[in-house]
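Novice: Position chains B, C, D, E and F against the provided structure of chain A, taking the given hints into account.
Protein chains: 6
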Amino acid sequence: MRVTTFGEIMLRLTVPDNKKLIQTDTFQANYGGAEANVAVSLALLGDSVNFVSKLPENELGNAVIQKLKSFGVDTSAISRGGNRLGIYFLQPGIGNRPSKVIYDRGESSFTASDDSDYPWKQLLNETDYFYISGITPALSDKLKATLLSAVEFCRNHAIKVVYDANFRGKLWTPARAQQFNRQILPFVDICLVHDEDLEQAFGLQAFKSTNHQAIDQKASFKQAMSTLTAHYPNISTVASVLRNSHSVQSSQWMGVMLTGDSFYESPIYNVAILPEVAGGDAFGAAIVHGILNHFKPQYQLDYAIAAAVLKLTIPGDFNLSSDGEIKAAMIDDNQTISR
Amino acid sequence: MRVTTFGEIMLRLTVPDNKKLIQTDTFQANYGGAEANVAVSLALLGDSVNFVSKLPENELGNAVIQKLKSFGVDTSAISRGGNRLGIYFLQPGIGNRPSKVIYDRGESSFTASDDSDYPWKQLLNETDYFYISGITPALSDKLKATLLSAVEFCRNHAIKVVYDANFRGKLWTPARAQQFNRQILPFVDICLVHDEDLEQAFGLQAFKSTNHQAIDQKASFKQAMSTLTAHYPNISTVASVLRNSHSVQSSQWMGVMLTGDSFYESPIYNVAILPEVAGGDAFGAAIVHGILNHFKPQYQLDYAIAAAVLKLTIPGDFNLSSDGEIKAAMIDDNQTISR
Amino acid sequence: MRVTTFGEIMLRLTVPDNKKLIQTDTFQANYGGAEANVAVSLALLGDSVNFVSKLPENELGNAVIQKLKSFGVDTSAISRGGNRLGIYFLQPGIGNRPSKVIYDRGESSFTASDDSDYPWKQLLNETDYFYISGITPALSDKLKATLLSAVEFCRNHAIKVVYDANFRGKLWTPARAQQFNRQILPFVDICLVHDEDLEQAFGLQAFKSTNHQAIDQKASFKQAMSTLTAHYPNISTVASVLRNSHSVQSSQWMGVMLTGDSFYESPIYNVAILPEVAGGDAFGAAIVHGILNHFKPQYQLDYAIAAAVLKLTIPGDFNLSSDGEIKAAMIDDNQTISR
Amino acid sequence: MRVTTFGEIMLRLTVPDNKKLIQTDTFQANYGGAEANVAVSLALLGDSVNFVSKLPENELGNAVIQKLKSFGVDTSAISRGGNRLGIYFLQPGIGNRPSKVIYDRGESSFTASDDSDYPWKQLLNETDYFYISGITPALSDKLKATLLSAVEFCRNHAIKVVYDANFRGKLWTPARAQQFNRQILPFVDICLVHDEDLEQAFGLQAFKSTNHQAIDQKASFKQAMSTLTAHYPNISTVASVLRNSHSVQSSQWMGVMLTGDSFYESPIYNVAILPEVAGGDAFGAAIVHGILNHFKPQYQLDYAIAAAVLKLTIPGDFNLSSDGEIKAAMIDDNQTISR
Amino acid sequence: MRVTTFGEIMLRLTVPDNKKLIQTDTFQANYGGAEANVAVSLALLGDSVNFVSKLPENELGNAVIQKLKSFGVDTSAISRGGNRLGIYFLQPGIGNRPSKVIYDRGESSFTASDDSDYPWKQLLNETDYFYISGITPALSDKLKATLLSAVEFCRNHAIKVVYDANFRGKLWTPARAQQFNRQILPFVDICLVHDEDLEQAFGLQAFKSTNHQAIDQKASFKQAMSTLTAHYPNISTVASVLRNSHSVQSSQWMGVMLTGDSFYESPIYNVAILPEVAGGDAFGAAIVHGILNHFKPQYQLDYAIAAAVLKLTIPGDFNLSSDGEIKAAMIDDNQTISR
Amino acid sequence: MRVTTFGEIMLRLTVPDNKKLIQTDTFQANYGGAEANVAVSLALLGDSVNFVSKLPENELGNAVIQKLKSFGVDTSAISRGGNRLGIYFLQPGIGNRPSKVIYDRGESSFTASDDSDYPWKQLLNETDYFYISGITPALSDKLKATLLSAVEFCRNHAIKVVYDANFRGKLWTPARAQQFNRQILPFVDICLVHDEDLEQAFGLQAFKSTNHQAIDQKASFKQAMSTLTAHYPNISTVASVLRNSHSVQSSQWMGVMLTGDSFYESPIYNVAILPEVAGGDAFGAAIVHGILNHFKPQYQLDYAIAAAVLKLTIPGDFNLSSDGEIKAAMIDDNQTISR
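Chains as they are written, first to last, in full-length UniProt numbering: chain A, 1 to 339; chain B, 1 to 339; chain C, 1 to 339; chain D, 1 to 339; chain E, 1 to 339; chain F, 1 to 339.
Excised from the complex, chain A in its bound form:
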């Protein structure tokens, strides 16, 4: 079984030592992007995975490939060329100060790429699962078209499509997102929807109250997920992380999953609010890993939420947790982990 993930990977420049950007004269550098993060997770868990993207023909592009190869991701299908590697600056939050992101991804090699860079027939030849996210279509119309041609190819060649809605308000509006998603959802087999995705990306109401504590509103999330699969019966599984944020020091995380008619809930984790990102990508990768390795649904979900929570403890975008470490972090229902 082989997975192909497709999307943009960027240089992340992180302000260190709790400083604000205007205070720093150094940046931490790492490389990441939703679909690349998923590829790394899968490779580290022992699955066969290649990453498709377009990178500039310079040292920054080389550095990306070197990093991906180090974790065992197949990078041979990455297209080279174009102007530049996309960058984003991250000023991590602390205490009552939220994280701040500055995108500098315009005119990147990936954003400017199009169908001609991705010969899907050849690229997806040996693939069983094709993993994409709602970030890519937000970047350009050409990438919208590329994605649609790719999922159509998948439909025709029995390749399962995993779609992480991943709504980004800095890249497009809910209206434009919903318009595109109505086009792609008929091709999707497994759908990931975190946070605002059901509402912003799909136009389904999930938050009934104003406080936006998702775990407290589990029932309405379940309702919205059921509505989704009713509309798109091709979607066999919908999964989501739900979060409550109680104070500056603590939040709670859980996973929910609708598979066919069955609704699964993971245990709830107490989580210190750490400044790291990409917990959702770790969750999505683990959901796919569970499918590839025939995990039972409840175990698959419990494994995925443990992977997500562990990711938050690891600097950078990649979830460097091993299978053993994820299993050790899994907890019984209604029980907090103790160290």
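Since the hints were made in silico from the structure, they are not lab data.
Each hint should be verified, as a subset may be incorrect.
As the list claims (entries may be wrong) - Heads up, simulated SDA-like pairs for lysine to any residue below, C-alpha to C-alpha not over 25 Å straight-line:
id : chain 1 : residue 1 : chain 2 : residue 2
1  : D       : LYS208    : E       : ILE331
2  : D       : LYS296    : D       : PRO315
3  : D       : LYS327    : F       : VAL101
4  : A       : LYS19     : D       : SER70
5  : E       : LYS327    : D       : PRO275
6  : A       : LYS327    : C       : SER209
7  : E       : LYS69     : A       : GLY81
8  : F       : LYS327    : E       : SER250
9  : B       : LYS222    : B       : PRO174
10 : C       : LYS19     : D       : ASP25
11 : A       : LYS142    : D       : GLY82
12 : C       : LYS100    : C       : ASN244
13 : C       : LYS19     : B       : LYS222
14 : F       : LYS100    : F       : ALA29
15 : D       : LYS100    : A       : GLY81
16 : A       : LYS19     : C       : GLN28
17 : F       : LYS100    : B       : ASN30
Specialist: Just chains B, C, D, E and F now, kept in the frame of chain A:
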């Protein structure tokens, strides 16, 4: 409207990485002092402000001026000369270990300065608000005299005086502080009193119980503030941060303000105990900013406590928060902030 | 009054910045080991102490000696020679990710040492207390024999033996530990037993429930400690740290001590879970310090738990807290410390 | 007397610790650009200077302004808006490995700016000298037009134009550069020409031999400079740094200047090859400083080459040398400096 | 064409910032070893290469594999198990202070490995060149036997053997080295001999004078190399770096090569004495790369010395220079490189 | 044989990474001072040495003592109290930029100390050599008196006095230095005179030409040293480092010594100009070490210059070279060292 702040600015040498001083072979360096911190806050919020002080004629003095200028503070009235820049070493606390400060500010250019360094007539010519604190009179008798001549000048020229009591037990005794404060309070228009100030600096009882949780004793603080304005009817506004410390991981912060007969209370913030300083200076600056910009009292107070809480997240003495960031951190009453 | 501690000291290489080992290209380096940690604590508290061990004849051995001397530990009895300094890699935990230790201590100069390296008659000549731990016998059979000959010497020369059970599951099995401990316990005067020690090292049941929250099971710990002294009436004092771990952000620590028939309990400290180690060594050193300086039992225990809690805030293996700092950290019963 | 400099300022991300880019996970960050560097030099030397450019409306733009203000540059005329701040990555060379630059400056706010961003009539109102370089016209046709309209304004308002040829082979070809320079040179009063500029930017032969040691070919540089002023009699002064590179550890630097009919030569400095940049900008700023302050030509040139050589010792793009430090670094003819 | 390299790879812990080991509390960490360095060089130059060794089954072993994979080395044949990863501490020299190495490689997984860990028949199945060095036989008798069985397999299967003599005085004596080398040299096709190797490892006199400036004694090196191939006609090529060290700031490097009857000499490079290592491995890898890619002998040698000289500028053990960078560093005979 | 050294030790705050002070937000911290440096050198070489000074009763004072103890210096005679630890800021030079020192040592505990802090009778009870320098009398009149009473005590008790002239133009004038030195020289047995000392501190002409290359003017140094011992026949030995500075990359160092009538010269070392300090203290310590250990004069001098040259390679003020490392760095006459 223009503000002049007057006081000492020092080099702070901070022990990094949670080490103790005897473990470190590096120090983090920044520059700060109560009144300079206020000047930087006001400049960043767009107010016109100059800072008056005395600095040595060497690279350290140059570095202070460069930093202040970078944030837009007018430094043209700073006197140069004298022996040295004051220094303080900060060993930040963590967990159950409290922060420790070692003052090395003796014989500084500012401490040794006197009235001849500060031609008030010229310095305060275009000023509307004069911001000072109880640290300056604690440094020398000459500075006591300088301060008193300055506030007398202000009284005669309709310049409002803002006085932050800022009692420092390492610099003088409560008895000596109270003696001086009886001289200066008749000239004060706006008075800031945090923590122990009402008791140590003014001789008014604020803590009725031994546990020193100020929010729990809000009523007696209100009482003491009323007593203060009854004694000194020239004081139109008294404001204070109140704090509860519940455990090593959490405290609560709120602001209270008495303006004329009206007593205002801000919402309460849950705050992780961070090792940073100068929350009170950020509060004081924001109170003044509110006056300059005609904020309504409740909004002024809510804005000020948000500024104070944000400051704790920023390394160094200066509150580098923008107006937009402070507004985004403001919360409704009885509601904790969520990220 | 003079204390001799005997054991291995290693180079600790710590992964910095919350990274995983595979992410780092730097290590923090410090030196530590249970018995050396105790020696440093005692020296810093003003007691006379020497440390006995074996170190390689190279720069790493020199560095260890330099560090110990800097804190006032007498290093003149350390044997030099053998192959190498033991190393352990520490990947500190954060949030839901536990700490991970990789031992690289095989074939160290100390592990390969034997009785001929330690002329006890000469080394213990002026000693009043001999401090050892259950780590040493876990390293080799030769060290088991060395320890037994040393404690026999102590018995014959009225030197008190302090034994910290310090069970390490990575070094030996409970069965082998219990077998050895049956041999050494008849020579022990003061016994320290943390965490799993009563069960793993001595075969006594302390945890009655599965949740392993020791403070909640104080009664059964007391029972097990009484059983121990009933078996070995030579043991005049048994002391232990007990811990509850409630969530990723908080735990509770207390100390308990059985001296003769009297059972003492310290106040309970709220402790943020910090990634540091060696709180137990700080506790043990403080217990011994209390004996040397004739502290009353309750004060001795309260002092020791404050020392342990402070240690967790200090990077490295050594507790660099002064007597004044420990006293300042002591709290009344049922009262949390406030900053 | 007031100077206005106009051009692009970028974020420079420097690979630290002699690493290659693919090895690093941190970058040193500073801000610089030829014309901004000149502005900082002049401000530090006490001249009145403003910098005109266009910066994005985000934290990176704010950081640039903060830095410029800290050194006393007037930033009030900087336009805000557009997509992004230009970036360049610098991998400094060492030993036999040359430095490598990766430009990531496409679509920057400055590159995309045009005449409408720069109301020259208002911006140059109080200016006496307008400082520009050949980098700006290489960026876009709109900037070529902007520059030409600006220098025409200068000609009509008796503002002297200083033009640093600054040929950049990564931005345009010699042919395109020469075509533009034929348009602008008739407006130039003071012309700076380093290294390849006479040949690449102006089409004049300066290097007669293949070894490209400029000091050894001083005579032909002098010849080419005379040819330039013969063609463009409006150019009153031409100045250049000349360099010999003898080995990986040493090079030699000198300055030459043609003013009217007089040719001046500075002493020759022995210079270790340091990985820093912007020596030419420091030279140009000092030439202008000399004019503003009525230095005699020989002293002006000697001062400028000392400034250039000092700059190489200072990390970042700005020459933070004071007037006193530059004077102390000046040497007599034919004499090397000793420490 | 495929290369297999076989040997030990270790963790190198480097003292940073020109400190001595006893001053540091951090170490730089990288992984390296002669044969692994060669593998990385070849992979980066585009050749197909796998590395055979034995690594412990822990995070340190994982980190080694991750690093090798990142550069494209095939790590699938690496055996896992044993006690530990070998370590060496490097205290780099500066000025008149030489570098110092402390080996801590005893009992490593590789040192304790034997023939059963390396099924040569399977491992060398598709290999054309087998690259080994004189470090491996110095580690243990079992590794001597393993090497001899491997080269015998090579002889029988037309696999060329490249042997870098790499004498290490800290691991064995010249007498023992010469004894082993007499056994292996009959199986060697290409032989690399740097510095003392001809004398210490092979017993041939190369240095005629006491000053040990190898370039000055090129003739006697040539003589010794001819003697070697006369004894072992199976050796088709002998190559060596020769060095002169003139002062603390400069040395000179050249390469010499005897192929059949032809003796080749590279140009001479002026090299600042940098504290890095593994120039010889870069040279050896480039010699092999030249063979694989059919370089003419003179070009092959010139390319190899440029690779060696570039390596010295790159932190860590691996030569991360690209083919383009090596070519750019190549100089004409008798000409120093200029930047 | 025991040595006592007496003088000030300060906190040195060094600007890192070749930055200027106004660029840095970190400082490297170490502790040093001429006489403390000598004490550390002697202790590391195995001699018995105590250091006498006065330090403040705070963490900075504790840190100094900890550092001295770590190297084996007896610190038991250090007086505690007073205001502060002296500080000096060091901005190291690079290339053509010289080092810059900012003293912040006014009102230090040592500077304010007097005879009552130093009970010489008791402190010098077991001492054979008393090591002082011309820095101490430059600090205050009270310290002048203290020094004179100490050397008088030495004269009366057969303790040899070693005096390093150590003229500091930032602390006093040549006239004042010469006045004091006329008082102390009659008590001196061994005199160290580097650089400008003969001229500035003693009023003897040593530099005959303006270029201040001391090695080139060896004859006139010899002449001045003879004049000194003719005036003060109590001085049995005069020793000095002589330096030539040829360029920014290289200088030459040698030692000269006059003992009785015999004049000794060391070999000449080529030295890269490193930014470190305290080579002269290392030289002085080694001269004393040679006396204590009965080195022959030529060997003593050769050893001392090797120690001085090695010191320059070691960060901080202390010469951490071992006896073995010094011996390895010794070179034959007229021969440069090779690595």
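Novice: Looking back at the numbered hints, which does the structure fail to meet, lowest number first?
Specialist: 2, 13
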